[in-house]
Amino acid sequence: MRRACRRAAGLVMGWLLATAATLAAAQSELQPFTFGYVGLADDPRYSEARLENRFQGEPWGRPIAGAKVAIKESRFPGMAAGVEFGLNEQLVADSQAAIEAVRQLQGNGHRFVLLDLPGPTTAEVADAFAGEEMVLFNVSASDDRLRGQACQANLMHTLPSHAMQNDALAQFLLSRQWSEVLVLVGQEEADRKLADSFARSAKRFGLDIVDEREFLLGNNPRQREQNNPRLLTSGIDYDVVYVADTQGEFARELSYQTQLPRPVVGSGGLVPQAWHWAWQRHGARQLNNRLEELAGRHMTGHDWAAWIAIKAVVEAVQRQKTSQFAPLRDYLVSDDIVLDGFKGYRMGFRDWNGQLRQPILLGSGNWVVARAPFEGFLHQTNALDTLGFDPRESKCKLADN
Amino acid sequence: MNKAAKLLACMLLAGAAQTASAAGTGYLFVSSEEDDVVTVLDAQSLQKVEEIAVSERPRWLAFSPDHTRLYVACGDGNSIDIIDVGKMEVVDRIEDVDDPEIFDLGPNGDRLYISNEDDAQFTIYDIASKELLERVEVGEEPEGVLVTPDGKTAYVTSEVANMVHRIDLESNELTDNIVVGNRPRRFALSPDGQELWVSNELSGSVSIIDTDSNQVVEDISFQPEGFRPEDVTPVGILLTPDGKSAYVTLGRANHVAVVDAQSREILDYVLVGSRAWGLALSEDGRRLYVTNGLSDDLSVVDTTEREQLRSVPVGRVPHSVVIDTTGG
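Those sequence lines, one after another, are chains A and B.
All the letters of the first sequence, read from the start, carry residue numbers 1 to 401 under this note's numbering.
All the letters of the second sequence, read from the start, carry residue numbers 1 to 328 under this note's numbering.
I should point out that these hints are in silico values taken from the structure, not numbers from a laboratory.
Every value quoted in this text rests on a predicted model; they were computed, and no experiment measured them.
No residue lacks a Cβ here, since even glycine has one placed at the ideal position from N, Cα and C.
Hints are not guaranteed to be accurate.
Per the computed footprint, the stretches of chain A lying under chain B, defined by three or more beta-carbons under 8 Å from a beta-carbon of chain B, are [to be verified]:
1. 77-85
2. 160-169
3. 302-309
Partial selection, computed: residues in chain A whose CB lies under 7 Å from chain B [unchecked claim]:
4. Q318
5. D330
6. V333
7. D336
In silico contact screen, one side only, chain A against chain B (beta carbon under 10 Å); selected entries [stated by the list, open to error]:
8. K72
9. S74
10. L217
11. L294
12. R297
13. R319
14. K321
15. L339
16. D340
17. A383
18. D385
19. E393
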């Protein structure tokens, strides 16, 4: 027995040496292929105080964790293609500095850059590089506008838009025949936009918004009609409450506090998102484990968006067997690409606005209740295109379309 | 059993499917991931003979060459459980195996070649001493493992890297990384060893690798009528011993594809249960058994008529099925 152990130890030692030698030899021949990553150093979305809350559907840490997992997963495809994938992270002060950082990355030969920026900053950066040979991946802004009137040929979106999230929710509500919806909306401009996005989805799928009411945060008794969940949800009947709250605090408290015993959806309760840590199918369990090991926390939709952006380019490199920008870019938006997002569908990008088509997970607490699209929602080309804008209803008009 | 006797048994069996159990016990062994059991069924009556308790999340199953032992990969139990086929109980286990998914036995039956899903590793264990002999780093989520009959080469799929790793078992080094379709799962080797078939779950296809050049020479795509492409998710695959036909389970498309292995023509799609994954062929080639992970049952397919004869409930989330045909 002891001899067997020694023999095994010897073998393991030999393996370590052999592996180190072959890896070193293989790596010296690999060309670097580095992704840029630009975020704001003081992005309030990642303040410690905010992250501690773990709001549903919001990031629970910087999405670069997802990008790092993807880079690690890409070492064998890289080897086969003769490249070594890497990541260059830049955290900057403001939008001007973000533009400069991307310019610098471009100067160093980076052609694929992940933008972890708020919506308006994302638009500014994409604008500054309009018409240039770059692909900028929006991994953390859900704004519909970025996929609509502010779309850019160089800007691709791996995070789903609000329209996609709300369409997923609307499909679910319709499939459950919960069609009477009370909408509660916050005072932030972003809340307003989210509620408008839901109104579009409701119309699209034939849900009835019975009323829309504005909520306020706080305990001021003079404003109790607007800050008390029970008063806000009384005096009317409805099947479900949709809450548009990008700050998350009000939505978090709403479930079980409504006047009528009705479910809450939207920013609280049942939340549509790109990813959920409790999703287990299609290899999700292993991906969740990898991110948890690397980041020490659960994976969110934002991590997933950064992860799949890298994976998309790696897939293009693997299939096109090149590191040249033009063929990679063309392949990314072509119908030939098959992306595995661990959500069970073959995914690809909408060539007309750069949005990644994808299933949406409806998560609640520690479980994924359902995955959209649902049975019975049909599209002439791809079931995933029942989620989000179609070209004919979009304001996105890219020059080359 | 010597070759002549085996041949004779096969000839007898070919004439009378009803006596398929003549060689071994004839029992079917089915692992179910959620129940932590291996269910034993009589192949003729399809009655349950025994339920063997094993470690958590049993998946892949394989017999020792003499069929006295059945090995069970238990993913959450982090073990390979060893069932005594005669006693129909777990008599031993190899522990501390990280999340084993699929494995193969060497030609001598003395080693286990295992894919460790969580650790992105391919490991080799000595069965007698239970020692870990080797560890080879592979792409994320390794799944299918196949060792060639000469014991010189192993192939491992990586679902995440979209490739098949070829490992030389003398040096235990990766010699080739062969890019195939998306989310490659499992293997079948042609009887002459020239062709390695790989199921691609997300591409809905099978890639055929030439084992001399280590290149993909052909892809077969499956499109049963009435199914969306995303529901066509091939996983289980086997080639008949004569090398003439292939059977491929199509996962969520709830069908098994029957393929002419020479012409690559898809001959038929046979309707089975929900999320068909595992499969096993009777020794006479007339019955195909398929595990349906989402309908918790086992389909019995008549391969001549190419239709499901019946389905029987087995444990929750059945994963693999094997047939005790030759020893015992």
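Each hint tested on the structure:
no., hint, result
1, 77-85, "holds (count 3)"
2, 160-169, "violated (count 0)"
3, 302-309, "violated (count 0)"
4, Q318, "holds (6 Å)"
5, D330, "violated (19 Å)"
6, V333, "violated (18 Å)"
7, D336, "violated (11 Å)"
8, K72, "holds (8 Å)"
9, S74, "holds (8 Å)"
10, L217, "violated (42 Å)"
11, L294, "violated (13 Å)"
12, R297, "violated (18 Å)"
13, R319, "holds (8 Å)"
14, K321, "holds (9 Å)"
15, L339, "holds (8 Å)"
16, D340, "holds (5 Å)"
17, A383, "holds (6 Å)"
18, D385, "violated (12 Å)"
19, E393, "violated (23 Å)"
Hints 2, 3, 5, 6, 7, 10, 11, 12, 18 and 19 from the list above are not met by this structure, while the remaining hints are.
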